[in-house]
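A.B. asks: Protein chains in written order, with my numbering: chain G, 1 to 372; chain U, 1 to 282.
A portion of the hints provided could be inaccurate.
To be verified - Straight-line Cα separation of at most 20 Å, SDA-like style, residue types lysine to any residue; simulated pairs:
1) G:K130 to U:P195
2) G:K130 to U:G184
3) G:K94 to U:F188
4) G:K101 to U:F190
5) G:K130 to U:L175
6) G:K220 to G:T236
7) U:K275 to U:A255
8) G:K177 to U:V15
9) G:K94 to U:L168
10) G:K94 to U:F189
11) G:K101 to U:K275
12) G:K101 to U:F189
13) G:K130 to U:P262
14) G:K101 to U:L168
15) G:K65 to U:F190
16) G:K336 to G:H350
17) U:K275 to U:G182
18) G:K101 to U:P262
19) G:K94 to U:G184
20) U:K275 to G:A133
21) G:K352 to U:L168
22) G:K94 to U:L175
23) G:K130 to U:M186
24) U:K275 to G:P88
25) G:K94 to U:M87
26) G:K344 to G:Q362
Unchecked claim - What follows is a list of derived Cβ distance ranges for each label pair:
27) G:A133 to U:V266: 26 to 32 Å
28) U:N4 to G:A133: 35 to 41 Å
29) G:D364 to U:V120: 58 to 64 Å
30) G:N68 to U:V274: 44 to 50 Å
31) G:D165 to U:I16: 49 to 55 Å
32) G:T305 to U:N271: 49 to 55 Å
33) G:S308 to U:N4: 40 to 46 Å
34) G:N68 to U:Y146: 51 to 57 Å
35) U:N271 to G:S162: 30 to 36 Å
36) G:D193 to U:R5: 51 to 57 Å
37) U:R198 to G:E64: 42 to 48 Å
The hints are simulated quantities; they were obtained by calculation from the structure and are not laboratory data.
Positions of the beta carbon are idealized from the N, C-alpha and C atoms, including for glycine.
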Amino acid sequence: MTTLALCNVVKSYGNENVLEDINFEVDDGELIVIVGPSGCGKSSLLRMVAGLEEITAGEILINEKVINSVEPRDRDIAMVFQNYALYPHMTVYKNMAYGLKLRGIPRPEIETRVNHTATLLGLESLLDRKPAALSGGQRQRVAMGRAIVREPAIFLFDEPLSNLDATLRVRMRLEIKELQQRLGVTSLYVTHDQVEAMTLADRLVVLNEGQIEQIDTPLKIYQKPASVYVAGFIGTPAMNFLEGTVMPGSADRIRLGNGVILDLPGLGLQACGSINVSLGIRPDHIAPCSMEQADFICLVTAVETLGSETLAHCALNEPEAGEMPDADPGKPFIVKLNGNHQPKIHETLHLKVKIDEVHLFQTDTGLRINRT
Amino acid sequence: MIENRPLGAFFSHAVITTGLLIIAFPVWITFVAATHDSVRVSQVPFPLIPGDQFFVNLKAMFSSPEESIGGIPVGMMMLNSLIMALMIASGKIVISLLSAFAIVYFQFRFRMFFFWMIFVTLMLPVEVRILPTFEVVADLGMLNSYWGLTIPLIASATATFMFRQTFLAVPDELLEAARIDGAGPMRFFFDILLPISRTSIAALFVILFIFGWNQYLWPLLITTDKSMYTVVMGIKSLLETAEGDPAWHIIMMTALMAMLPPVVVVLAMQNLFVKGLTETDK
Numbered sequence: 001m002t003t004l005a006l007c008n009v010v011k012s013y014g015n016e017n018v019l020e021d022i023n024f025e026v027d028d029g030e031l032i033v034i035v036g037p038s039g040c041g042k043s044s045l046l047r048m049v050a051g052l053e054e055i056t057a058g059e060i061l062i063n064e065k066v067i068n069s070v071e072p073r074d075r076d077i078a079m080v081f082q083n084y085a086l087y088p089h090m091t092v093y094k095n096m097a098y099g100l101k102l103r104g105i106p107r108p109e110i111e112t113r114v115n116h117t118a119t120l121l122g123l124e125s126l127l128d129r130k131p132a133a134l135s136g137g138q139r140q141r142v143a144m145g146r147a148i149v150r151e152p153a154i155f156l157f158d159e160p161l162s163n164l165d166a167t168l169r170v171r172m173r174l175e176i177k178e179l180q181q182r183l184g185v186t187s188l189y190v191t192h193d194q195v196e197a198m199t200l201a202d203r204l205v206v207l208n209e210g211q212i213e214q215i216d217t218p219l220k221i222y223q224k225p226a227s228v229y230v231a232g233f234i235g236t237p238a239m240n241f242l243e244g245t246v247m248p249g250s251a252d253r254i255r256l257g258n259g260v261i262l263d264l265p266g267l268g269l270q271a272c273g274s275i276n277v278s279l280g281i282r283p284d285h286i287a288p289c290s291m292e293q294a295d296f297i298c299l300v301t302a303v304e305t306l307g308s309e310t311l312a313h314c315a316l317n318e319p320e321a322g323e324m325p326d327a328d329p330g331k332p333f334i335v336k337l338n339g340n341h342q343p344k345i346h347e348t349l350h351l352k353v354k355i356d357e358v359h360l361f362q363t364d365t366g367l368r369i370n371r372t
Numbered sequence: 001m002i003e004n005r006p007l008g009a010f011f012s013h014a015v016i017t018t019g020l021l022i023i024a025f026p027v028w029i030t031f032v033a034a035t036h037d038s039v040r041v042s043q044v045p046f047p048l049i050p051g052d053q054f055f056v057n058l059k060a061m062f063s064s065p066e067e068s069i070g071g072i073p074v075g076m077m078m079l080n081s082l083i084m085a086l087m088i089a090s091g092k093i094v095i096s097l098l099s100a101f102a103i104v105y106f107q108f109r110f111r112m113f114f115f116w117m118i119f120v121t122l123m124l125p126v127e128v129r130i131l132p133t134f135e136v137v138a139d140l141g142m143l144n145s146y147w148g149l150t151i152p153l154i155a156s157a158t159a160t161f162m163f164r165q166t167f168l169a170v171p172d173e174l175l176e177a178a179r180i181d182g183a184g185p186m187r188f189f190f191d192i193l194l195p196i197s198r199t200s201i202a203a204l205f206v207i208l209f210i211f212g213w214n215q216y217l218w219p220l221l222i223t224t225d226k227s228m229y230t231v232v233m234g235i236k237s238l239l240e241t242a243e244g245d246p247a248w249h250i251i252m253m254t255a256l257m258a259m260l261p262p263v264v265v266v267l268a269m270q271n272l273f274v275k276g277l278t279e280t281d282k
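Required output: the full structure, derived from the provided sequences and hints.
C.D. replies: The following block contains the structure:
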């Protein structure tokens, strides 16, 4: 069943469209993560679902009812804010009970529900405290509790973890995921952190400049990004891009800007004239090799040691030429190496690309070219 | 930064002590005068050591108004002052809270116009508009009444402005959370906004209470009936005795009494007062 549906939703401030033609559906119990850089309109989208911002055009449906002009309190939603928005003068118990009280739920029932939720989140011992006396993680949990206790049709999360430190963020991330699955509540989760997005989502909505770039499961998005934008946004370290053209006459062969020629079997582009393409290679899909097998030769310009792996920032050159190009700091080519492999700066690396894992995009539209 | 310069420490202490003496000396004189009898007070040199007449004078002040103050009991004046100060302080707070709430949280036509209109009244204190205000109050038949004493002083730009700043500092998410929880505007006002503005309200109450208590010119104009006199203006009328010297020991005792309520309010609300003026984190 569809719990939430957005049909041709548009949001504009004045003449400027912040969101354009947003369409997607959320199934019952699903956790959808909306991810994008700041200013892409993801928070506006969430706030429109919550009823905190007006919808310029289109329709939003909750449980198959259009709720465009329904007050937030009547939308059957609960929201967790980035700064938690706990009422500072109320105890944890009262914070959680406030929404229930306003709905006229009898006191004994409020008590059972709040206590039940507190047990679920491990907040029993904190019920009498005020938010100021709680740590960041505890506040976050109370904010969750306030949402859960209402038993809404949809949870809305607005970057709930970005005010926490890194360790706590990882832990709360798992906790949210586990809780959401246990309760089976449909959720819409907004974040700019792509790792958070990947780990939490049942399905991912990648938003860029007010438009949806791709909607799919995290793995599919990682493996088959629909556009250059998605490819560059999802995955750390970011994908490397090389510009090239499909060689006229030979459909499977690509000539890169630096003169390297790569064979991509199954590309099957019927090129009439030359087509400009962007070649996307993840740092994981390049490996050092012997000089004879090398697709690229490159010069190491910087090294990041992460322990389990080493990231080498390189400047590329064609295999035949003897001289090395100057390092281009604007667009490094990153290679992920084994943790024990510690190349020196200005060392030469011979690299082999996993041809099957290379992504191709049209340069002018930025869209993916599928290979068979 | 921790400095350890004995000369500097000595100098700054000297400045502080001098300042304190300048401020405290008149209060001390008042107190001393209130502890002597009428004869000793009018002698030269003026005594600087407290005498033993404090309770006698206290009793005289409260019990025999006809002798000393032209027939107005000091207790009555203190009560009038108290009622006036409380009405002004609470009236100002209620009105300012509501107008700041409207200006910050509601979108309506000419919102900023109204805000600036309120702001402009800062330039028009009672003293400036005293004649027209008197005219209005007289025409409304509010002379010699608590309403006449307080209403013209209630409308307040300062308090409105201060509450506006307080409300602007409240994060928007609180309002949004309350809306999702199902609170309407007035619910939000009473359940969320008022409690979190508690310290600001207390700080303003202290300031406004003292402002109200110390009113002199306006009560002087508006009250002709002695039963409506306030203590601050009453002290002045004590000086106007028909025959003989003014009863300085009683006057000083009354002045001492007039100082007391503001001191009590400040002491009692000190913590909230400081928090309300310094706290920025809501």
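A.B. asks: Hint by hint, which ones does the structure fall short of?
C.D. replies: 2, 7, 8, 9, 11, 13, 14, 15, 17, 18, 21, 23, 25, 26, 31 and 33
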